[in-house]
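Just so you know, the sequences run in chain order A and B.
Residues 1 to 344 in my numbering are what the first sequence lists, from first letter to last.
Residues 1 to 344 in my numbering are what the second sequence lists, from first letter to last.
Please note that a few of the clues may not be correct.
Since the list can't tell identical chains apart, any single copy or any two copies may satisfy a pair.
Unchecked claim - Below, computed lysine to aspartate or glutamate pairings styled on DMTMM-like, alpha-carbon distance capped at 20 Å:
| # | residue 1 | residue 2 |
| --- | --- | --- |
| 1 | K109 | E131 |
| 2 | K42 | D272 |
| 3 | K42 | D61 |
| 4 | K232 | D275 |
| 5 | K42 | E267 |
| 6 | K315 | E268 |
| 7 | K105 | E151 |
| 8 | K249 | D272 |
| 9 | K232 | D94 |
| 10 | K109 | D272 |
| 11 | K315 | E49 |
| 12 | K42 | E151 |
| 13 | K214 | D61 |
The set of hints was computed from the structure by calculation and includes no laboratory data.
Number of protein chains: 2
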Amino acid sequence: MSQDVSSEGDLRNTGMSLKHDREWDYELDRIVEAVEERGATKVGLQFPEGLKRRGPAVADDLRALTDDDVTYMLSGQPCYGACDLDTYLMRRTDVFVHFGHSPMKESDKIIYVPLFSNVDPFPMMEDALDELPEDDVGLVTTAQHMNRFDEMKEWLEDEGYNVHTRKGDDRLTHEGQVLGCNYASADIDADQVLYVGGGKFHPLGLAMEHPDKKVVIADPVNNVVTVADTEKFMKQRYGAVHRAMDAEKWGVIFCTKIGQGRWDMAEEIVNDNDDTYLITMDEVTPDRLRNFDMDAFVNTGCPRITTDDGPQFHKPMLTPGEYRIAVGDEPLDSLSFDTFHGTW
Amino acid sequence: MSQDVSSEGDLRNTGMSLKHDREWDYELDRIVEAVEERGATKVGLQFPEGLKRRGPAVADDLRALTDDDVTYMLSGQPCYGACDLDTYLMRRTDVFVHFGHSPMKESDKIIYVPLFSNVDPFPMMEDALDELPEDDVGLVTTAQHMNRFDEMKEWLEDEGYNVHTRKGDDRLTHEGQVLGCNYASADIDADQVLYVGGGKFHPLGLAMEHPDKKVVIADPVNNVVTVADTEKFMKQRYGAVHRAMDAEKWGVIFCTKIGQGRWDMAEEIVNDNDDTYLITMDEVTPDRLRNFDMDAFVNTGCPRITTDDGPQFHKPMLTPGEYRIAVGDEPLDSLSFDTFHGTW
Numbered sequence: 001m002s003q004d005v006s007s008e009g010d011l012r013n014t015g016m017s018l019k020h021d022r023e024w025d026y027e028l029d030r031i032v033e034a035v036e037e038r039g040a041t042k043v044g045l046q047f048p049e050g051l052k053r054r055g056p057a058v059a060d061d062l063r064a065l066t067d068d069d070v071t072y073m074l075s076g077q078p079c080y081g082a083c084d085l086d087t088y089l090m091r092r093t094d095v096f097v098h099f100g101h102s103p104m105k106e107s108d109k110i111i112y113v114p115l116f117s118n119v120d121p122f123p124m125m126e127d128a129l130d131e132l133p134e135d136d137v138g139l140v141t142t143a144q145h146m147n148r149f150d151e152m153k154e155w156l157e158d159e160g161y162n163v164h165t166r167k168g169d170d171r172l173t174h175e176g177q178v179l180g181c182n183y184a185s186a187d188i189d190a191d192q193v194l195y196v197g198g199g200k201f202h203p204l205g206l207a208m209e210h211p212d213k214k215v216v217i218a219d220p221v222n223n224v225v226t227v228a229d230t231e232k233f234m235k236q237r238y239g240a241v242h243r244a245m246d247a248e249k250w251g252v253i254f255c256t257k258i259g260q261g262r263w264d265m266a267e268e269i270v271n272d273n274d275d276t277y278l279i280t281m282d283e284v285t286p287d288r289l290r291n292f293d294m295d296a297f298v299n300t301g302c303p304r305i306t307t308d309d310g311p312q313f314h315k316p317m318l319t320p321g322e323y324r325i326a327v328g329d330e331p332l333d334s335l336s337f338d339t340f341h342g343t344w
Numbered sequence: 001m002s003q004d005v006s007s008e009g010d011l012r013n014t015g016m017s018l019k020h021d022r023e024w025d026y027e028l029d030r031i032v033e034a035v036e037e038r039g040a041t042k043v044g045l046q047f048p049e050g051l052k053r054r055g056p057a058v059a060d061d062l063r064a065l066t067d068d069d070v071t072y073m074l075s076g077q078p079c080y081g082a083c084d085l086d087t088y089l090m091r092r093t094d095v096f097v098h099f100g101h102s103p104m105k106e107s108d109k110i111i112y113v114p115l116f117s118n119v120d121p122f123p124m125m126e127d128a129l130d131e132l133p134e135d136d137v138g139l140v141t142t143a144q145h146m147n148r149f150d151e152m153k154e155w156l157e158d159e160g161y162n163v164h165t166r167k168g169d170d171r172l173t174h175e176g177q178v179l180g181c182n183y184a185s186a187d188i189d190a191d192q193v194l195y196v197g198g199g200k201f202h203p204l205g206l207a208m209e210h211p212d213k214k215v216v217i218a219d220p221v222n223n224v225v226t227v228a229d230t231e232k233f234m235k236q237r238y239g240a241v242h243r244a245m246d247a248e249k250w251g252v253i254f255c256t257k258i259g260q261g262r263w264d265m266a267e268e269i270v271n272d273n274d275d276t277y278l279i280t281m282d283e284v285t286p287d288r289l290r291n292f293d294m295d296a297f298v299n300t301g302c303p304r305i306t307t308d309d310g311p312q313f314h315k316p317m318l319t320p321g322e323y324r325i326a327v328g329d330e331p332l333d334s335l336s337f338d339t340f341h342g343t344w
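Could you put together the complete structure from these sequences and hints?
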């Protein structure tokens, strides 16, 4: 397979450069069918942040295809994953469409429209081969590249690899799929894993969760191949743990989003430590925590908020495991990546 | 009554300077009684933004007064009024305490603790007399000064005034009370109204809602007397209306907060105009709207977000009445203040 792009930032032939011309498949027929079948008069549409601006055009198309008495409502709630379902809008509409994520749990009411990327993954996969010297390789990707997963697997097999894949646990819909908070699909019998997808968000979590494996990133969106490096990440996390060790008052965050609540975990921390205070909220943001007079926070909600947005909070923000280290319940070297299992 | 402070910004003898020593009455006895009576094991505590940092100490006191098996949960949701009830936490707790606002609607589950200010209103009221030359005067104040409303009224009567007060509509709990979105208590038969309370937030709305009346502000928190001036405010609103007149795509915001939903109003706008798109959300923030590709917004939720935070949004944000002007349904001079009536 020929390729003429390899430098980081070159967006020719990538998802980024195509972004403004390409047509996503919003599966309007499937939505219209559901609206008609159920005689719906209220329809909710939820898009992830990066696709919210497509919402009005999708609503226009649906209006043209359905009766005049159908009202379309766009969710204005922030949305970063299938765990971020707008339950308010879902409960108050006859049909609720969630775009861009695979189902975390099925429901009669909800239509999940996956929105697959049309970027070609193979040029970057070919570049990645140099970093994958062994015979056995694991293969994982994200929801938006799932439509080509079988092709990717075959391609690697044609290159002579023994390709290991698995479905992971019930939080995941597809074989080989990873989420920002779940890498169970990489629990495979190989010392090297190829991650195909955009950004370093997922592969860094993967490398943290599987520190014994080499994680190679074939990024067809930014046209670059790299190897996940957890050192900087680990330093940041140890820094946060150390800064939290002197904390006298801890805020323990219980996230009320349907896919992010770990109540037992939050309750256990609060029951064991009198210096903790349970704080409930949906969006966990620096602004919302600034008004609480706490020395440190433990976030039982989305671990990516803790690790990726952590430095933006005015006080140290730890995962539940990191909290155990900071209060002396666990040794420093027990530090690991916080993952989510199960659905809602 | 003697007074030695009168310049703006001098915080001696005011609520601001007292803030760090004064003890609020959190009515712990009433809360403990409810917890015991209902055998509650989960208790939710919701404070307005400015008092959130008091939450942990209040939780500590309650923990000491109740059984070990009671879990206290602090709401981390933004809270600016009784309309901002954290319904998620309310539904999942046995007793739910809302501090700092008077009830918009009573419920068995909810305990409202008003948190009255202990600042002395009379020095500023005395200063305000120069601005109140007529015999008849209306008197209004906010929830945190309601405990001294009768005293204020008597004081004015002793000064020789014919004092007019009324309860307003069912959104208001007390005689003479105003909310940021409701000034029905100032619908009285007097051409001048004395507002006693902190800030210009409420009196400006009052002056807009009652343009025929002179609104005098006796502010015992910032120690200043002023007369509400709506000119700057009106200019800002007309500016927003003009900028929105060319809009081709309108986002119509339906706020999902329990006390802020005006569904019929939102639906009517959307049904009448094909260039509108219904967007649902709880917190209406500039960040959340930036991802929508709209030319202007109409906010059917809290009017104070529209008018006070309006300039922070990337596109013009109008009240429903202002929208009618911008699209040509109503004349320019119909511009008025957007108020809320009824409860949830």
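Violated constraints from the hint list, given by number and in increasing order: 1, 4, 6, 7, 9, 10, 12 and 13
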